[in-house]
Each structure stands twice: as C-alpha cells, then as structure tokens.
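K.L.:
Okay, here's what each chain looks like letter by letter:
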Amino acid sequence: MNGSEIFGAWVAVFLTLGIFSYLYKDNPFYKIAEHVFVGVSAGYWMAMAFWTQVQPNLFGRLWPTPEGQISGFLMKTWYGIYNLFGFVLPSVFPDGGIDKGHGHDPHFIYLLPFALGIMMLLSVASKLSWLARLGIAYTVGMAAGLRAYAFLNSNVLGQIKGSAVSLVDMPFFSLTGVSVFNNLIILVGTITGLLYFYFSKEHAGAFGKVTRVGIYFLMISFGASFGFAVMGRISLLIGRFTDLITYGSSTYNYASIWVLLLMIVLLAVWTFKGEKKSVSQ
Amino acid sequence: MKDKQFWSVAGIIFVLFMIYWFAGHPYFVSERGVMFWSILVVGGVLIYSTRMAKRGEKIFLRSIPGLKAVEEAVGRSTEMGKPVLYVPGIMDMDQVETVAGVVVLGHVAKMTARYETSLNVPVSRAIVMKAARESCRESYLLEGRPDLFHDDMVHYLTDDQFAYAAGVNGIMLREEPAACLYMGKFYAESLLLAETGNSIGAIQIAGTASPSQIPFFVTACDYTLIGEEFFAASAYLSQEPELIGGVKGQDYLKLLAISVMILGTVLNFFHDLGWTSWDFLAYLTVQ
Numbered sequence: 048m049n050g051s052e053i054f055g056a057w058v059a060v061f062l063t064l065g066i067f068s069y070l071y072k073d074n075p076f077y078k079i080a081e082h083v084f085v086g087v088s089a090g091y092w093m094a095m096a097f098w099t100q101v102q103p104n105l106f107g108r109l110w111p112t113p114e115g116q117i118s119g120f121l122m123k124t125w126y127g128i129y130n131l132f133g134f135v136l137p138s139v140f141p142d143g144g145i146d147k148g149h150g151h152d153p154h155f156i157y158l159l160p161f162a163l164g165i166m167m168l169l170s171v172a173s174k175l176s177w178l179a180r181l182g183i184a185y186t187v188g189m190a191a192g193l194r195a196y197a198f199l200n201s202n203v204l205g206q207i208k209g210s211a212v213s214l215v216d217m218p219f220f221s222l223t224g225v226s227v228f229n230n231l232i233i234l235v236g237t238i239t240g241l242l243y244f245y246f247s248k249e250h251a252g253a254f255g256k257v258t259r260v261g262i263y264f265l266m267i268s269f270g271a272s273f274g275f276a277v278m279g280r281i282s283l284l285i286g287r288f289t290d291l292i293t294y295g296s297s298t299y300n301y302a303s304i305w306v307l308l309l310m311i312v313l314l315a316v317w318t319f320k321g322e323k324k325s326v327s328q
Numbered sequence: 064m065k066d067k068q069f070w071s072v073a074g075i076i077f078v079l080f081m082i083y084w085f086a087g088h089p090y091f092v093s094e095r096g097v098m099f100w101s102i103l104v105v106g107g108v109l110i111y112s113t114r115m116a117k118r119g120e121k122i123f124l125r126s127i128p129g130l131k132a133v134e135e136a137v138g139r140s141t142e143m144g145k146p147v148l149y150v151p152g153i154m155d156m157d158q159v160e161t162v163a164g165v166v167v168l169g170h171v172a173k174m175t176a177r178y179e180t181s182l183n184v185p186v187s188r189a190i191v192m193k194a195a196r197e198s199c200r201e202s203y204l205l206e207g208r209p210d211l212f213h214d215d216m217v218h219y220l221t222d223d224q225f226a227y228a229a230g231v232n233g234i235m236l237r238e239e240p241a242a243c244l245y246m247g248k249f250y251a252e253s254l255l256l257a258e259t260g261n262s263i264g265a266i267q268i269a270g271t272a273s274p275s276q277i278p279f280f281v282t283a284c285d286y287t288l289i290g291e292e293f294f295a296a297s298a299y300l301s302q303e304p305e306l307i308g309g310v311k312g313q314d315y316l317k318l319l320a321i322s323v324m325i326l327g328t329v330l331n332f333f334h335d336l337g338w339t340s341w342d343f344l345a346y347l348t349v350q
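Protein chains in written order, with our numbering: chain A, 48 to 328; chain B, 64 to 350.
Simulated from the structure, these hints should not be mistaken for lab results. Every residue gets a Cβ at the ideal spot worked out from N, C-alpha and C, and that includes glycine. Incorrect hints may appear among the rest.
[Unchecked claim] Some chain A residues close to chain B (C-beta under 8 angstroms, calculated; not the full set): (1) His-250; (2) Ala-276; (3) Met-278.
[As the list claims (entries may be wrong)] Mimicking DSS-like on lysine-lysine, the simulated pairs with C-alpha atoms at most 25 angstroms apart in a straight line are: (4) A/Lys-72 x B/Lys-121; (5) B/Lys-145 x A/Lys-256; (6) A/Lys-248 x B/Lys-145; (7) B/Lys-131 x A/Lys-78.
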C-alpha cells in the first residue's frame, strides 16, 4: 500500500464522515465536504464535457486528420485557421489535425453546433446575450420534435397495446403468473388511473368514485416503488459502511477510527463554544 | 389565423395529400401507418381544442390543490421575510419536464416580483441556467419590477447529481427558505432535497413526471403535482386560452385512448377465440 492510496483513503473517510455529520446538524465539517464536493464536481464536469464532447466530437469532426497532402484553396484556408488555433492551444488542436475516428474529411454541418455554442458563450456580453436564446430555442425545439415520435410510440401506442390484455388460454386466478384476474386488474387500473388525470370534469358523483379507484391504484404503485427504492438506498449505505470498515483497518492506519474520533471531539468543542456564545449574548 | 383561412389551408393540405395518395403514395411506409394516423388524430384534436378555446368558449378545469398552494407558499415566504427556493430538476432542456419546470418558474417569478419576495434558483445545467434566467427576467419585467431582478437569483451549482443535492441542501440549511418548490425531472436526489426542506419547516410543493420519484415527494412534501398535473400547471397558472385548450384536447385524447384500450381488449378476445383473423395488437406495433 503506497502513501497516495492511504492519503486517498483518509480523504474519502473525512468526506464521507463530513457528509454524515449533517445528521447531527449543519456544521463546519459538512460545509467543507459540501463545498469540496460541489467545487470539484463542477470543475470535473466541465473538463469532462470539453475533453469527451467538445474536443473529440466537435473539433474532431471539423478538423479531422487529413488523408495525405491538403489541397485546394478552401481546405488550405480551413486548416490554416486550425493551425492558428493550434499555435495558441496546441494541446486542444494538435499538429496535423484531430484523429478521433471520424474519417478524414471535415464535416461542415458541425459548424452549426459550433456557432450555437459560441452564441451561448456570448451571453456574458450584455449587448449580445440575446443570441443565446437561439441555442436554447434549438435545444428545446429539437428535443420536442425528436421525442414526440418516441413518446407517441412508447407512452401512447405501447401503453394502449400493453393494456389491451388477453383473456383466454390462461387460468382465471394466479398469485404470481399471468391470469385473467391479473389482466383485468391491469386494464381497470390503467383506465381509472387515466381518468384521474381528466381535468375538465369535477371529480364528483360516480365519476369521482371511479377516479378514487384510480388514485388508489396510483398510491399502491407508489408504495411499491418507494419500498423498492429504499431497499436500493440501504444497499448504497451498506457500501459506504463497508468502505469505512475497510479504511478502519491497520492497512490504512485506522483512518476511519481516527477521523471519527477527531470529528466528535471537534464537534463537541464547536457546539460547546456556540452554546457559550449564545448564552453570553 | 381566422376560421376561413384555417379551413382553406387544411383543405389545400387534404387535397394535396389525396393527390399524393392516389398517385401511389411513394415513400409512404405502410407498416408505420398507425403512427401516421396517430399523429394526425393527436394533432387534429389539439388544434381543434386550442382553436375552440381561442374563440372564447368556456372550458371548465377542475381545481388542483397543489397549484392553489403555490401562491400561498409565496405569500407565506413574503410574510415571514424569507426567500422562495425553486429547484428545476437536474436534467437539461431536452427533457420535457425541465421545460415545464422553467415555464412554471416564470409564473412563480411573477408572484415573487409582485410580492417583492426574494427568489433563489440553483440549477445544474448551463442551458437551464440561461433559460431560467431569461424566464425570470421576463417575469420581473412584465410585473413592472425589473429593478428587483438580478442575474444571481438563478445560479449554477454543478452538473453532478449528488454534489448538486449537497449544494441545494446547504442553501436550505443556511438561508432557511419558507417555501421550497421542486418542479422538473428528478432522480435519487429527490428524497435528499425533500427531507431537508421538511426538516427546516418549509412549505414544500413538488411537481414531476418521474414515476420512481413521485413516492418520495408524496411522502415528504405538502403538495405534489403528479405527472399530468405538473404539465397542466402552466395552463392553470397562466389561464391562457391556448394552453387551456391544450389541456382540454389532452382530455379528449385520454378518452380516446381508453376507448381504444377497451376496443383492443374485445378485438384481442375475438382474435384469440378465432372469431376474427385481424390481429389488432399487431397493427398497433410500429415496425
């Protein structure tokens, strides 16, 4: 076990216990862990987005490594611009083009996202900030159009198809498998659940009773989903405890135990000082 | 567009389509016919309902308690002199729930501008930050209080899910908002946020269509807008005829879907018994 691994374990223990200390109340350890977490992740995500999306997928398509000698006025000018960028940022624009497996010819259609990206960046200039709206409009419009088809297929047609159940060649009742009774439950649950979301009629009288059945179905499914998710969260908690136990061994110089003890002592001092201050005030 | 113009355009499109159809309809994928008819029906019903609402025909919409509570929550924050915290989810603008969340944010910003209450909107995506900022700016401008708007009321935290949750929790503990509104697309951070909001005694209203997260919001929040209720929220809050017409149109489509479900079950039953050879479920399958 080398020194950096042990140091990493101590940092992990400190951050884990720092976040857990929130169970007591908001305190300096939680604040440190929270700010480190937010700050590091913001920087990490930005770097990740640049090096996994912008550089390979955008610049890699606009200026791929050309096959052989560059010929023609347009291409020479295009790669001339690239060389200019490369002079300023050689790590982003390496010599000879970017080879990320997107072929050898520039995809000029990617100038469109490049322009939209620059428009988003222009939001820092108050006079040009309106240009950023084009990028937002493109994102929302594109997503709406693209997803309409998929939603109609899966959420409407797929749901109708799944609810038009079969009622023959199966037992009438079964607790675990497919049965006529279970299929009828699916049909009734779907229809009453759907009627609960009918807005242009008051939920009163017979209609109100039907929609009440619908909300019962919804609540039962939410309950099952809740229980399932809580089980998942407990497994995450067990994972953290397993790590803390591992880091509490002699291999890691009893990191968990020392950090926990130190935190308890410092929290006690901090609380005691805080109480004293409030009494004197 | 006036009625006469609308029907003229619709008639021209219909005639052109008929010419295309009787000319042998090249490039028309017949296996996806069900999708074509579905798009026509959905589009037609929504256009009809929207035009009906625009003509001024009265459309009744039942009340949704969660939406009534939004104004109460902002009012409570005003009385207590504490800010309103608005969380528009953790996904980008390509998610319909985030778009709905930003639309509702516009209405909430109008209320905070009217009542001169401070608004805090931490976001986890750059494009959402820009869209939310524009939405708030416009609302403050419409309410005649551009002086109260400042860019920092919508601020970026981080893209990371749990780091974002930790950051929002920190804001809740330190600023102690009187109202926490969660409207958008959420994942596992939903309970972390709602639990913290509950612990500081804030009135909490959530709206999401993520089925796995609704239970957590139902458990920890005072009001929850479930699925469709959340999407209908902007129509309720704005009372704009186009949006209300859209909600009415969706109601028609729900009735249609229920009818097709029942018809499908009956036809499927006949098919299984061998009384008819037409497989309705196979027709519904998009190739």
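K.L.:
Next, verify each hint and record whether it holds.
P.N.:
Results of checking the hints against the structure:
A hinted interface residue such as A/His-250 counts as satisfied when its beta carbon comes closer than 8 angstroms to some beta carbon of chain B; here the least separation is about 6 angstroms, so the hint holds. Checking A/Ala-276 against chain B: minimum C-beta separation of about 6 angstroms stays under 8 angstroms; hint holds. Taking 8 angstroms as the C-beta contact cut-off toward chain B, the hint placing A/Met-278 at the interface is violated, the least distance being around 13 angstroms. Restraint check for A/Lys-72 and B/Lys-121: not satisfied, since their Cα atoms lie roughly 52 angstroms apart, outside the 25 angstroms limit.
A threshold of 25 angstroms between alpha carbons decides the hint, and for B/Lys-145 with A/Lys-256 the separation of about 41 angstroms lies outside it, so the pair is violated. Simply put, A/Lys-248 and B/Lys-145 have alpha-carbon atoms about 37 angstroms apart, too far for the 25 angstroms limit, and the pair is violated. Distance restraint check for B/Lys-131 and A/Lys-78: the Cα-Cα separation of roughly 36 angstroms exceeds the 25 angstroms cut-off, and the hinted pair is therefore not satisfied.
Going down the numbered hints, you'll see the structure goes against 3, 4, 5, 6 and 7, while the others check out.
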